[in-house]
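A.B. asks: Guided by the hints, dock chain B onto chain A, whose structure is given.
Chains as they are written, first to last, in the working numbering: chain A, 1 to 263; chain B, 264 to 700.
No lab work stands behind these hints, which were simulated from the structure alone. Incorrect hints may have been included.
[What the hints assert, rightly or not] So these bits of chain B aren't anywhere near chain A, every CB distance computed over 12 Å:
#, residue
1, Val290
2, Leu325
3, Ile342
4, Val420
5, Ile433
6, Gly446
7, Gly507
8, Ala514
9, Phe547
10, Val584
11, Lys621
12, Pro625
13, Ser642
14, Gln660
15, Phe682
[Stated by the list, open to error] No more than 25 Å apart at the CA atoms, straight line, and that leaves these computed lysine to aspartate or glutamate pairs for DMTMM-like:
#, chain 1, residue 1, chain 2, residue 2
16, B, Lys609, A, Glu73
17, A, Lys76, A, Glu99
18, A, Lys153, B, Glu598
19, A, Lys153, B, Asp601
20, B, Lys609, A, Asp136
21, A, Lys95, A, Asp136
22, A, Lys91, B, Glu341
23, A, Lys146, A, Glu191
The model shown is predicted, which means the values in this text are computed figures rather than measured ones. Positions of the beta carbon are idealized from the N, C-alpha and C atoms, including for glycine.
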Amino acid sequence: MSEVAIDREIDRSKLSVSDEVAIEITAMNKWYGDFHVLRDISLTVNRGERIVVCGPSGSGKSTLIRCINRLEEHQKGTIVVDGIELSSDLKNIDKIRSEVGMCFQHFNLFPHLSVLDNCTLAPIWVRKEPRKEAEDRAMHYLERVKIADQALKFPGQLSGGQQQRVAIARSLCMNPRIMLFDEPTSALDPEMIKEVLDVMVDLAETGMTMICVTHEMGFARQVANRVIFMDQGQIIEQNEPEEFFNNPQSDRTKLFLSQILSH
Amino acid sequence: MSDSRKPFVASGDIPPSPPPSSVVGPVAWVRENLFSSIPNAIMTLVGAFIIYSLLASVIPWLFLDSVWNATSLGNCREIDDGACLAVIKERYLQFIYGFYPDEERWRSVLAFVLMVVAVWPVLFAGAPRKMLYASALYPAVAYWLIWGGTIWGPVGVMLGPIIAIIAYRILAPVLRGTSMEEGIANILAILFAVAVIVLWWMFGVEIFDGTLNSIVSIGLPVVESSKIGGFLLSLIIGVSGIAGSFPLGIALALGRRSNLLFIKAMSTGFIEFIRGVPLITLLFVASTLLNYFLPPGTSFDIILRVVIMVTIFAAAYMAEVIRGGLAALPKGQYEAADALGLDYWKSMRLIILPQALKISIPGIVNTFIGLFKDTTLVSVIGLLDPVGILNPIRADQNWNGIVWELYGFIAIFFFVFCFGMSRYSQYLERKLQTGHR
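Same shape as in the complex, but just chain A:
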């Protein structure tokens, strides 16, 4: 768990937060069988916020964000995304999923399709866009993540950092209003982590609402406006990054920070 330095100038004036609520989670509980994995989670995310969720493994951080786009179901409490409540109604789920983009730890690109086809698949088949328009948009986002020259290659021919950037572009092609990141750099070699973090910082500067599960504390310090610490299914502490890192309140937070920030 290294601290990769983000050494470019981050224009913090661009990182603004609006008053509009993007995600509202109220008293959410989830069980895997008998195991109580998420306990009484309450969280409000405004549009434009960048939230970093950290914690030891098994704390439920990934499960939490996977509940937001219904990759996991919650048994108690409510989750409201963009004004739509998450229930078993398939239409609502599909609507929410087209507004919420997700990037996975293991990229999950479609290996049988080229990079360009990976990005145009959802706009063409879900939004029913014409192919030309979808391809233009895909090339635009591929350029933004600086990988446009690999558009016709297949995922198996790319490095890990390149694949993750394609995955981010793929999610952006659906014009989501919220982006979820599930440990996006954990499977990458250290020299590739920086290129992915740069893309995520760019994204933050455009005002995207982001929830990021990550161990990259440099990213949290520089870009996040809130850091949440979870342990054993509960939100233990949440604060602005400066306060969180310099002044942790709970003992468990202090223990966690001491483990990851020193080596």
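C.D. replies: Same frame as chain A, but now just chain B:
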């Protein structure tokens, strides 16, 4: 020798250089691969001896001493003591066509040629896509060519799906406009379409056929199923079975993995029951019992019944092979498809099935090859496939006692087709290697 543990900094790049040239040449290859050690050398000599004995007995029997022109087995033995291939020369038409009338034989040849044309664009992606229209029409054309009758019968049958789709398109919007839930409206419309197609096939086709026939009579002389035999019959049953069991197997595999309990239970029960009984029992059911279960007066053609049974049988095996492929796919693929907002059918069609089927190609082709060879079992219920034709031939006084030549001929036929399928599968696997890591 320098001390390689001392601190060290590389002074420049080491350029890549070619590997050392090894000792090459046939003598070196033989020495290395065949005689590298005493056990290897012994195995080489034993293997060479086995190959030699095989060739020494087969080649004279099959090529040097074989008899092509004779009138009976006894006659063969008088001329020479090799393979009596005269029986094949005399009876090869029976092997290929069964008892198909001689003057209509061109129809089955044409059907075979059209089959190659129809299957080509399905197997090879480089072919023009327009050919797929010909492939869709092929079943009706082939049926008409082989069995004869009026052309309106097959046309009527092919119209069935089109009529069903029109019925669905008419009813679905009407139902959706009412107050019932959209999912239920869709299901009712589908059930209506299914009812329409069944009724059309049972009653409408006859009426359609009769009326159009009285206006314009286009037809070929009828050839009954009892006359169809030989390799023609094997290909009919095999190709129909393969084409039918593939989509049915996919449907059963998806059904078994479904979250809907009813569909899952039905699929599982179907698969386990069919896999639990031998194909021969299903064929007996087809030939004897099925008539008791159908309304009196309806009689299904025997070949159609056999094709249905063979298709169902292969579909059960295919379902398990494909289910293995679906399970081998990383869960992340399903999740990524979900996260992008693709619904169940779209994610299956665009993401999951292309990858799962590619993984399952060896198992799928295995099932096809097994199915094709299983078609010889129909000789047990009296159909005249190549193995079934053997018995009349051997019962003939002239050829009483002949064994190897006949079975060898059938074996070569099956080998050509099965090995062809195997090579195609390897071609397909190579072609679909899209740079996976």
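A.B. asks: Compare the structure with each hint and give your call.
C.D. replies: Structure-based check of all given hints:
1. The beta carbon of Val290 of chain B is kept farther than 12 Å from every beta carbon of chain A, the shortest such distance being approximately 42 Å.
2. Separation of Leu325 of chain B from chain A is adequate, the least Cβ-Cβ distance of about 47 Å exceeding the 12 Å criterion.
3. Non-interface call for Ile342 of chain B relative to chain A: holds, since the shortest CB-CB distance, roughly 61 Å, exceeds 12 Å.
4. At roughly 33 Å, the least C-beta separation between Val420 of chain B and chain A is larger than 12 Å, which holds for a residue marked as non-interface.
5. No beta-carbon of chain A comes within 12 Å of the beta-carbon of Ile433 of chain B; the shortest separation is about 24 Å.
6. With a least CB separation of 9 Å from chain A, Gly446 of chain B falls inside the 12 Å interface cut-off, contrary to its annotation.
7. Non-interface status of Gly507 of chain B relative to chain A is upheld: no Cβ of that chain comes within 12 Å, the nearest being about 26 Å off.
8. Every C-beta of chain A lies more than 12 Å from that of Ala514 of chain B, the closest at about 21 Å, which supports listing it as non-interface.
9. Here Phe547 of chain B stays apart from chain A, with its beta-carbon at least about 43 Å from theirs, past the 12 Å limit.
10. At roughly 19 Å, the least C-beta separation between Val584 of chain B and chain A is larger than 12 Å, which holds for a residue marked as non-interface.
11. Interface exclusion of Lys621 of chain B from chain A breaks down, the closest Cβ pair being 7 Å apart, not more than 12 Å.
12. Distance check on Pro625 of chain B: its Cβ is at least 17 Å (rounded) from any Cβ of chain A, clearing the 12 Å threshold; non-interface status holds.
13. Taking the minimum C-beta to C-beta distance to chain A, about 42 Å, the non-interface status of Ser642 of chain B holds against the 12 Å cut.
14. No Cβ of chain A approaches the Cβ of Gln660 of chain B within 12 Å, the least distance being about 61 Å, so the stated non-interface status holds.
15. Consistency note on Phe682 of chain B: stated as away from chain A, and its beta-carbon is indeed over 12 Å from all of that chain's, at 28 Å minimum.
16. Taking the CA atoms of Lys609 of chain B and Glu73 of chain A, the gap is near 22 Å; set against the 25 Å cutoff, the hint holds.
17. Restraint check for Lys76 of chain A and Glu99 of chain A: the C-alpha separation of about 23 Å stays at or below 25 Å, so the hint holds.
18. Our distance criterion of 25 Å between C-alpha atoms is met by Lys153 of chain A and Glu598 of chain B, whose separation comes to about 23 Å.
19. Our distance criterion of 25 Å between C-alpha atoms is met by Lys153 of chain A and Asp601 of chain B, whose separation comes to about 24 Å.
20. Of the pairs offered as hints, the one joining Lys609 of chain B and Asp136 of chain A holds, with about 23 Å between alpha carbons and a cut-off of 25 Å not exceeded.
21. Our distance criterion of 25 Å between C-alpha atoms is met by Lys95 of chain A and Asp136 of chain A, whose separation comes to about 24 Å.
22. Pair hint Lys91 of chain A plus Glu341 of chain B does not hold up; C-alpha atoms about 83 Å apart against a cutoff of 25 Å.
23. Straight-line distance between C-alpha atoms of Lys146 of chain A and Glu191 of chain A comes to about 16 Å, which keeps the hinted pair within the 25 Å bound.
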